[in-house]
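Colleague: Residues per chain, in single letters:
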Amino acid sequence: MIIRPEEVSGDIRREADVVVVGSGAGGAPVAKELAEAGYRVVVVEEGAWFRREDFDFRPSHALMRLYRDAGQTVALGLPMVVLPQGMTVGGTTTVNSGTCLRVPRHVLKRWHMEYGLRDITEEELNLLYAALEEYLFVKRADPEVAGRNALLFLEGARKLGYSGGFLPRNAKDCEGYGVCPYGCPSGAKQSANVSWIPDAVKAGADVYTRCRAEKVLVRGGKAMGIRGRFLDQRGKRKGYRLEVWARVVVLAAGALQTPSLLIHNRICLSSGRVGENLSVHPCGGTVALLNEKTGNPKGIPQSTYVDEFAPEGIMLEGVTLPPPVMSVSLPWGGRRHAEAMRLYPYCGTFGSMISEHDSWGRVAAGPSARQPLVFYRFGPADLERLKRSLVLMAEIWFAAGARRVYTPIAGYKELTSPRDLYRLSRHRLRRGEIYGLSAYHPMGTCCMGGDPEWSVVRSTGETWEVENLYISDASVLPTSLGVNPQLTVMALALRTAGFIDERLRRPRVPPERTGRLAEWLERRRSAESGRSRAAP
Amino acid sequence: MREYFFRRMKRLVPVLLITCHELPAADPDEVADFCRDFIYHGTPAFRAVYFAMILLLQALCRLRRRRSIYALRPPEAEEFLESLYSSRVLLLSSVPTLLSMPVHLAYYGRDEVQEALGFEVGALREEALKREVTR
Ligand SMILES: Cc1cc2nc3c(=O)[nH]c(=O)nc-3n(C[C@H](O)[C@H](O)[C@H](O)COP(=O)(O)OP(=O)(O)OC[C@H]3O[C@@H](n4cnc5c(N)ncnc54)[C@H](O)[C@@H]3O)c2cc1C
Ligand code: SF4
Chain A
4 MIIRPEEVSG DIRREADVVV VGSGAGGAPV AKELAEAGYR VVVVEEGAWF
54 RREDFDFRPS HALMRLYRDA GQTVALGLPM VVLPQGMTVG GTTTVNSGTC
104 LRVPRHVLKR WHMEYGLRDI TEEELNLLYA ALEEYLFVKR ADPEVAGRNA
154 LLFLEGARKL GYSGGFLPRN AKDCEGYGVC PYGCPSGAKQ SANVSWIPDA
204 VKAGADVYTR CRAEKVLVRG GKAMGIRGRF LDQRGKRKGY RLEVWARVVV
254 LAAGALQTPS LLIHNRICLS SGRVGENLSV HPCGGTVALL NEKTGNPKGI
304 PQSTYVDEFA PEGIMLEGVT LPPPVMSVSL PWGGRRHAEA MRLYPYCGTF
354 GSMISEHDSW GRVAAGPSAR QPLVFYRFGP ADLERLKRSL VLMAEIWFAA
404 GARRVYTPIA GYKELTSPRD LYRLSRHRLR RGEIYGLSAY HPMGTCCMGG
454 DPEWSVVRST GETWEVENLY ISDASVLPTS LGVNPQLTVM ALALRTAGFI
504 DERLRRPRVP PERTGRLAEW LERRRSAESG RSRAAP
Chain B
589 MREYFFRRMK RLVPVLLITC HELPAADPDE VADFCRDFIY HGTPAFRAVY
639 FAMILLLQAL CRLRRRRSIY ALRPPEAEEF LESLYSSRVL LLSSVPTLLS
689 MPVHLAYYGR DEVQEALGFE VGALREEALK REVTR
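Chains as they are written, first to last, in my numbering: chain A, 4 to 539; chain B, 589 to 723.
This list has only true hints and no planted wrong ones.
Within a straight-line C-alpha distance of at most 27 Å, the following computed DSSO-like cross-link-like pairs (lysine-lysine) qualify:
1. B:Lys718 with A:Lys205
2. A:Lys142 with B:Lys718
3. B:Lys718 with A:Lys175
4. A:Lys416 with A:Lys162
5. A:Lys162 with A:Lys142
6. A:Lys416 with A:Lys296
7. A:Lys142 with A:Lys112
8. A:Lys239 with B:Lys598
9. A:Lys205 with A:Lys142
10. A:Lys162 with A:Lys296
11. A:Lys241 with A:Lys218
12. A:Lys142 with A:Lys175
Hints in this document: simulated from the structure, not taken from any laboratory.
Please model the complete structure; the sequences and the hints are all you need to start from.
Modeller: Below is the structure:
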């Protein structure tokens, strides 16, 4: 059942087998898997519950209803980086672009070699990915609805001989309405609010919405439950209390909120790694003025990519911006801004994403657990690569026929010819010269690893310090992924669900029983080998 | 205190919002109401910085133009803001940029404006309502 604060008429104290804090990419799969395995599952979600009919093509309003702090979360530093976070049932998956990519092999290798995570094997991950892709209807974006903007950029890239293509996405019968980050109005995008959570509810899970978990109840080194508070319409802490006593607690509040919860509860802090090791995949964006209408933002917002520079840690991925969002992304103000907005129908947009090498970030205690302080410092090499990504996008736009390209770099806000690119390429960018940066993939702040000295959770997802306390969200990813993370967060969540299942079975079943995940993997393995035998 | 700032913000809307004449006219009350909601839903830090920027804008105007920003004629106000936008000092250019952010979100988020710019939100909304994708 999905329970809203309005339906609650007093403090609630209840028991469950598993309580999951957060209903996003990390929490929702755990809830569904364990509910289907027959456990009593309670999900506590700070955001509100919306149906697809509530998603109304109004990005400005969606920012206030679906995003934490109206999308104003920032990482402090020079330049500041805006870090929007979903806060609704389904977490950030409800507002994400739906791109589903597997972890690159070299990244997994690094996890094995440097983080002691050899037991997360490529074979096991691939099986999990395959299951996820089937469950979430993942397929390449359909060129028919990819949008003119994306096709033009891809054409430009092809002229220059750069490799690229259509991104795999978790959308079924997508019509290309162009508003994925503001809630998919047709239910095509298989975000957790239309997939994992309804299935978890069908299997008996209870989801408390607009309820913030504040306290992790720990007795004798074991997690015993959580205490939370229902929130009013504005997100203020005014309602009744919720107390859930459970055999297992899963924190899945995201890479900024999970460490903040741990810090405020003063648990799992002895490695000194909680909140450290933040990576975000900083993003840059370009706007191009073209001779033809781009039809923006209609079409899939993120349908194409150029991966020619992926070995350098630069990934170019599509993005379209509806008028209100474009209006706050332009590097101009006043009359110039109005003029640029008038030409909106002729504007093309594309984004870049950097996987970090020498930048670092951290989440620290803020005035309250809800408001952690986030710091991010660009390293010179990453800053240079960010600039390079902007130059590359501008080059591609010019090849696609752009008249002008706007960038967020002071002194280079408007590039009018490829000659400007050489100037910009040679310019040594300083931190204060670039602005309007954003990032969408915070991760790594409760790093998974093979040693309690320098990691927060084991490879099973359980914390080293508190028994029965698991973490299942982007905070466990040990390094920057270089690709969009949701599929990997979900794969690790399924893995963690398997280990939780094992733990919960332990007192009741003989030790040789290995848990649902292992059984399921076994079934999958035999199905796969049957399929390959059947292939000619 | 907050009311004081919201009143000031409302008076600033016509100064901050410059639109081209092909687009629908702005309704300053509607824009100001949206800004108020947006700021309420945001972080306390954003709220504090936003209010500080209102004061800073006023102080800069008094310093440079010897008058309150509300007393400037529209072309003068526009010229004054342009001088801030184009400043090389990050703090100065941030003042109007930050102040106009919710104003732009409000105005360009209106259905009629989105539609005038080619994004047919009304028609798409109706189409999407009829077209439910089930798993
Ligand atoms: C605009 C945007 C586009 C993106 N596009 C893509 C994409 O195309 N592909 C991709 O792979 N990734 C994308 N991402 C990133 C991806 O969605 C996230 O990496 C992923 O959802 C992270 O999962 P999570 O479980 O860590 O956190 P989330 O999905 O954010 O879930 C955390 C949940 O916990 C809740 N919560 C937090 N604190 C509490 C508390 N104390 N009590 C109760 N509940 C709490 C939050 O409200 C939230 O619902 C995008 C992100 C954004 C912002
Ligand atoms: S493009 Fe439109 S229909 Fe497709 S997933 Fe995004 S919001 Fe849904």
